[in-house]
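J.: Each chain, written out:
Protein chains: 2
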Amino acid sequence: MALISPSRRLRRTPFSKGVEAAGVKSYTVYNRMLLPTVFESPEADYHHLKNHVQIWDVSCERQVELRGPDAGRLMQMLTPRDLRRMLPGQCYYVPIVDETGGMLNDPVAVKLAEDRWWISIADSDLLLWVKGIANGYRLDVLVDEPDVSPLAVQGPKAEDLVAKVFGPRVRDIRFFRFDWFQFQGMDLPIARSGYSKQGGFEIYVTDKRMGMKLWDALMEAGADMDVRAGCPNVIERIEGGLLSYGNDMTEDNTPHECGLGRFCDTATAIGCIGRDALLRVAKEGPVQQIRPIEIHGEKLPPVDYAWPVMAGTIRVGQITSAAYSPDFGVHVAIGMVKITHWDAGTELEVNTPDGPRKAVVREAFWA
Amino acid sequence: MALISPSRRLRRTPFSKGVEAAGVKSYTVYNRMLLPTVFESPEADYHHLKNHVQIWDVSCERQVELRGPDAGRLMQMLTPRDLRRMLPGQCYYVPIVDETGGMLNDPVAVKLAEDRWWISIADSDLLLWVKGIANGYRLDVLVDEPDVSPLAVQGPKAEDLVAKVFGPRVRDIRFFRFDWFQFQGMDLPIARSGYSKQGGFEIYVTDKRMGMKLWDALMEAGADMDVRAGCPNVIERIEGGLLSYGNDMTEDNTPHECGLGRFCDTATAIGCIGRDALLRVAKEGPVQQIRPIEIHGEKLPPVDYAWPVMAGTIRVGQITSAAYSPDFGVHVAIGMVKITHWDAGTELEVNTPDGPRKAVVREAFWA
Chain A
14 MALISPSRRL RRTPFSKGVE AAGVKSYTVY NRMLLPTVFE SPEADYHHLK
64 NHVQIWDVSC ERQVELRGPD AGRLMQMLTP RDLRRMLPGQ CYYVPIVDET
114 GGMLNDPVAV KLAEDRWWIS IADSDLLLWV KGIANGYRLD VLVDEPDVSP
164 LAVQGPKAED LVAKVFGPRV RDIRFFRFDW FQFQGMDLPI ARSGYSKQGG
214 FEIYVTDKRM GMKLWDALME AGADMDVRAG CPNVIERIEG GLLSYGNDMT
264 EDNTPHECGL GRFCDTATAI GCIGRDALLR VAKEGPVQQI RPIEIHGEKL
314 PPVDYAWPVM AGTIRVGQIT SAAYSPDFGV HVAIGMVKIT HWDAGTELEV
364 NTPDGPRKAV VREAFWA
Chain B
14 MALISPSRRL RRTPFSKGVE AAGVKSYTVY NRMLLPTVFE SPEADYHHLK
64 NHVQIWDVSC ERQVELRGPD AGRLMQMLTP RDLRRMLPGQ CYYVPIVDET
114 GGMLNDPVAV KLAEDRWWIS IADSDLLLWV KGIANGYRLD VLVDEPDVSP
164 LAVQGPKAED LVAKVFGPRV RDIRFFRFDW FQFQGMDLPI ARSGYSKQGG
214 FEIYVTDKRM GMKLWDALME AGADMDVRAG CPNVIERIEG GLLSYGNDMT
264 EDNTPHECGL GRFCDTATAI GCIGRDALLR VAKEGPVQQI RPIEIHGEKL
314 PPVDYAWPVM AGTIRVGQIT SAAYSPDFGV HVAIGMVKIT HWDAGTELEV
364 NTPDGPRKAV VREAFWA
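Protein sequence lines, in the order shown, are assigned to chains A and B. Numbering of the first sequence is given in our numbering, commencing with residue 14 and proceeding in unit increments. Numbering of the second sequence is given in our numbering, commencing with residue 14 and proceeding in unit increments.
Think of the hints as simulated: they come from the structure by calculation, not from any bench. Treat the hints with care, as some may be off.
Identical copies go unnamed one by one, so any copy, or any two together, can satisfy a pair.
Below, simulated DSSO-like cross-link-like pairs (lysine-lysine); rule was C-alpha separation at most 27 Å, straight line [stated by the list, open to error]: (1) 210 / 170; (2) 210 / 312; (3) 30 / 312; (4) 351 / 221; (5) 351 / 226; (6) 226 / 170; (7) 170 / 371; (8) 63 / 170; (9) 312 / 38; (10) 177 / 296; (11) 63 / 296; (12) 296 / 170; (13) 371 / 296; (14) 296 / 38.
With these hints in hand, go ahead and build the complete structure from the sequences.
T.: This is the structure we're talking about:
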C-alpha cells in the first residue's frame with residue numbers, strides 16, 4: 014500500500030492528536046478530512062470492537078446546518094422520506110436525491126428545532142447542493158458547515174462508558190434519538206447511533222477546542238474497560254449491511270436500488286425535488302438491487318474498483334465492498350445484482366483481481 | 014507517514030495501472046480520486062520536472078459539463094469573470110463564488126461551443142453547486158460529469174513529446190487555448206496548460222478505455238527524452254505561485270483575498286451570483302491577501318494545518334503551503350497576510366510544528 018501525503022486540504026480534526034498518539038496505521042479521506050481506518054489490524058480492531066468499547070474520530074461526518082423559517086421546507090425538498098411527523102430530538106436516516114432520483118448522499122438528519130437542522134453527511138459536498146437549491150429557490154434559510162465534530166463511542170460497553178462521563182441519563186436515550194448534555198460548560202447533543210452494529214453513541218462536539226479534553230476524559234474513564242481508539246471497521250460494517258456512499262452506491266443509483274425503499278415515502282413527500290423521477294420506480298420496483306453476497310476461497314485484496322459479478326459469460330452485477338470475516342469464515346460482501354439473479358441462493362461468479370471466485374446471494378446480512 | 018486504505022470510493026483512474034507500474038510512492042485524494050504525489054522523492058521529481066518531461070495522471074481534475082441553450086448563462090452565473098468575449102477554443106481560469114463571494118472552486122473553464130462547456134475543477138464537488146443552481150433557476154441545461162480524464166505532459170521537453178505523438182500542429186496551440194486531435198479514432202481536445210511553470214499540455218482523454226493506450230504511446234515516444242511518470246510537485250508549484258484550493262484558500266476567502274482580482278470583472282459580470290457581495294471588496298480591496306513568504310532555517314515538515322504568522326504576539330496571518338526549495342535554498346511558502354503586514358520585506362515569525370521561524374514577505378513568487 015502507498016503512503017498518504019499530508020496537506021492542509023486533507024483536514025485534520027479536533028481529535029487528530031489522540032488518534033496519532035494511539036498509533037493510527039492508515040487513513041482514508043472522507044469529506045476532505047482524515048478518517049482513520051486501521052489501528053492494530055483490521056482483524057484485531059474488529060475483535061476488539063465486538064467485545065469492548067472504542068472511541069472513534071468521525072469528525073469527517075461533517076454537518077450541514079439549516080437554520081431559519083424555511084429550514085424544514087428545504088429539508089423536505091432534499092429527501093423522499095416524509096418528515097412531517099419528525100420531532101425535535103429525533104434522527105432520521107434520509108436518502109438525498111437529485112431531480113433524477115439519483116443519490117447524492119445518505120446522511121442522518123438531526124432535527125434540533127422546527128427551524129434548525131443538522132445533516133450529518135456521508136462522503137460528498139452535500140453543502141454545495143443544499144446551498145445551490147436554497148439560493149435558486151430563494152429560500153429564507155442559512156446554510157453552512159458549523160464547528161461540529163462527531164466523536165463516536167461504539168461497542169458493547171459503550172453505554173457504561175458514556176454514562177460514566179455524562180451521567181446515567183444517557184441510558185434513557187432511545188435508538189436514533191438524541192438529548193442534550195454538558196461537558197465542561199459546552200452544550201452538546203448525544204445520539205444513540207453510529208456506523209456499527211455493536212451499539213453506542215455519537216457525541217456531537219460543538220467546540221473544536223474541547224475535542225481532546227473529551228477524548229482524554231473518555232479514555233481515562235474507560236481505562237478499566239480496555240477502551241481503545243478505533244474506527245469504522247470494514248469487516249464489521251459489511252457483516253451488518255451498513256452501506257457506504259461512494260462504495261456501494263453513487264449518484265447513478267436510486268434509493269430503491271440501494272434497498273432503501275423503506276425510507277422513501279414518495280407519494281407523500283410533497284416538495285421533494287426527486288419525487289417525480291422516483292414515483293415510477295417506487296411503484297414498479299428497481300431492476301437491480303443491493304444484496305449480501307458470500308464469496309468463497311482464499312483471502313482477497315481490498316475492493317478498489319467494482320468487481321464484475323457473472324452468470325456464465327453475462328455480467329449481472331458488481332461487488333463494491335468485501336472482506337474476509339474471521340467470525341463467519343467466508344468473505345462477506347456487498348454487491349448490486351440484477352433482478353434476474355438476485356434471489357437468495359443464486360450461485361454466481363465474481364471476477365476478482367485474483368481470478369474468478371464462486372459466490373452466492375444470501376437472504377440477509379450476517380449481523 | 015501513514016498508509017492510505019484502498020476503496021472504490023477513492024476512485025482509481027484510467028491511468029492507475031501506469032502509475033503503479035512506475036512505482037508511485039504516495040497519493041493524495043482529490044475529488045474523491047487518487048492523485049499521485051511522489052514517485053522517486055519530492056526533490057528528485059522536482060529536478061526531473063524542471064529538466065525533462067513528465068506524464069501526469071491528473072484525472073482528478075474532473076469535468077463538470079454544461080450543455081444546452083442556457084449553458085453560457087449558467088457559466089456566467091458561477092463566476093465574476095466576464096465571459097462575453099470568450100471564444101470556443103479558449104480556456105479561462107475562473108474563480109467560482111457563492112452568493113457571499115466566497116470561493117467554491119478555482120477551475121479552468123473550457124469553452125467547447127456556445128452551448129457546451131467543461132469546467133475542469135479543483136478539489137470540491139462543484140457539480141453539486143452547479144446542479145443545484147441549474148435546478149433552482151429552472152435553466153434549460155444538462156449538468157453532469159462526463160467520461161473525461163485529463164493527462165498532463167509537463168516539462169521543457171513537453172512540446173517535443175506531444176508533437177511526436179499528435180503531430181506538429183500541437184506546436185501552434187497558444188497558452189490557455191486548445192485544439193482538437195485524434196488518437197486511435199478518439200477525438201480529444203489538447204490544451205496548452207497545466208499545473209506547473211515548466212510548460213506543457215493537458216490532454217482531455219474522452220474514453221477511459223483508451224487511457225493506458227495513450228499513456229503507453231507517450232512513454233514509448235519519450236523513451237529517448239528520459240520521460241517519466243510524474244505528478245504536480247509541491248516545491249515547484251509553490252515557487253511558481255500556483256495556488257491550491259483547499260490549501261491556500263477555501264470558501265472563507267474572496268477571490269480578491271487570493272490575489273485573483275484580475276480575474277474578476279465584477280462591474281460587468283452581469284448575472285454572477287456573488288456579484289453584489291463582491292462589489293464592495295472589488296472597489297475597496299481586501300484586508301488580507303495571499304503573499305509569497307520565505308521561511309528560514311532547518312527543513313520543516315509538510316503543512317497539514319494553517320501555521321500562524323506572527324508579528325510579535327499578534328497573529329497577522331497564516332502559512333498554508335511550504336516546502337524547502339533546492340534551487341533557491343530556502344523554504345518557499347504561500348500565506349495569507351493582513352494588510353498591515355503584507356508589504357514586501359516585512360519581517361515576521363511563523364509558528365511551525367518545529368517551533369518559531371523567521372520569515373519575510375516577498376515581492377513576487379520565485380518562478
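J.: My question is about residue 296 and residue 170: at a cut-off of 27 Å on alpha-carbon distance, are they close within one copy, between copies, both, or neither?
T.: Classified as neither; 43 Å inside a copy, 60 Å across copies.
J.: Please work out whether the CA atoms of residue 210 and residue 312 approach to 27 Å or closer within one copy, between two copies, in both situations, or in neither?
T.: The answer is within: 24 Å in one copy meets 27 Å, while 46 Å across copies does not.
J.: Using 27 Å as the alpha carbon limit, work out where residue 351 and residue 226 are close: within a copy, between copies, both or neither.
T.: Close neither inside one copy (49 Å) nor across copies (32 Å); limit 27 Å.
J.: I want to check one pair: residue 63 and residue 296. Are their C-alpha atoms no more than 27 Å apart within a copy, between two copies, both, or neither?
T.: neither (39 Å within a copy, 60 Å between copies)
J.: Classify it for me, residue 30 with residue 312: is the Cα-Cα distance of at most 27 Å met within a copy, between copies, both or neither?
T.: Intra 33 Å, inter 22 Å, cutoff 27 Å: inter-copy only.
J.: Between copies, within a copy, both or neither: which fits residue 63 and residue 170 at Cα up to 27 Å?
T.: within (9 Å within a copy, 57 Å between copies)
J.: At most 27 Å between CA atoms: does that hold for residue 210 and residue 170 within a copy, between copies, both, or neither?
T.: The answer is within: 13 Å in one copy meets 27 Å, while 56 Å across copies does not.
J.: Indicate which option fits the pair residue 170, residue 371 if close means a Cα-Cα distance not exceeding 27 Å: within, between, both or neither.
T.: For residue 170 and residue 371, neither the intra-copy (38 Å) nor the inter-copy (50 Å) Cα distance is at most 27 Å.
J.: Checking an output row: residue 296 and residue 38, CA cutoff 27 Å. Within, between, both or neither?
T.: neither (47 Å within a copy, 50 Å between copies)
J.: Indicate which option fits the pair residue 226, residue 170 if close means a Cα-Cα distance not exceeding 27 Å: within, between, both or neither.
T.: For residue 226 and residue 170, the Cα distance is within 27 Å only inside one copy (21 Å; across copies 54 Å).
J.: Cα distance capped at 27 Å. Does residue 177 pair with residue 296 within a copy, between copies, both, or neither?
T.: Classified as neither: same-chain Cα gap 48 Å, cross-chain 57 Å, threshold 27 Å.
J.: Checking residue 351 and residue 221: alpha-carbon separation at most 27 Å within a copy, between copies, both or neither?
T.: Classified as between: cross-chain Cα gap 24 Å, same-chain 45 Å, threshold 27 Å.
In terms of the numbered hints stated before, the structure departs from hints 5, 7, 10, 11, 12, 13 and 14, listed from lowest to highest.
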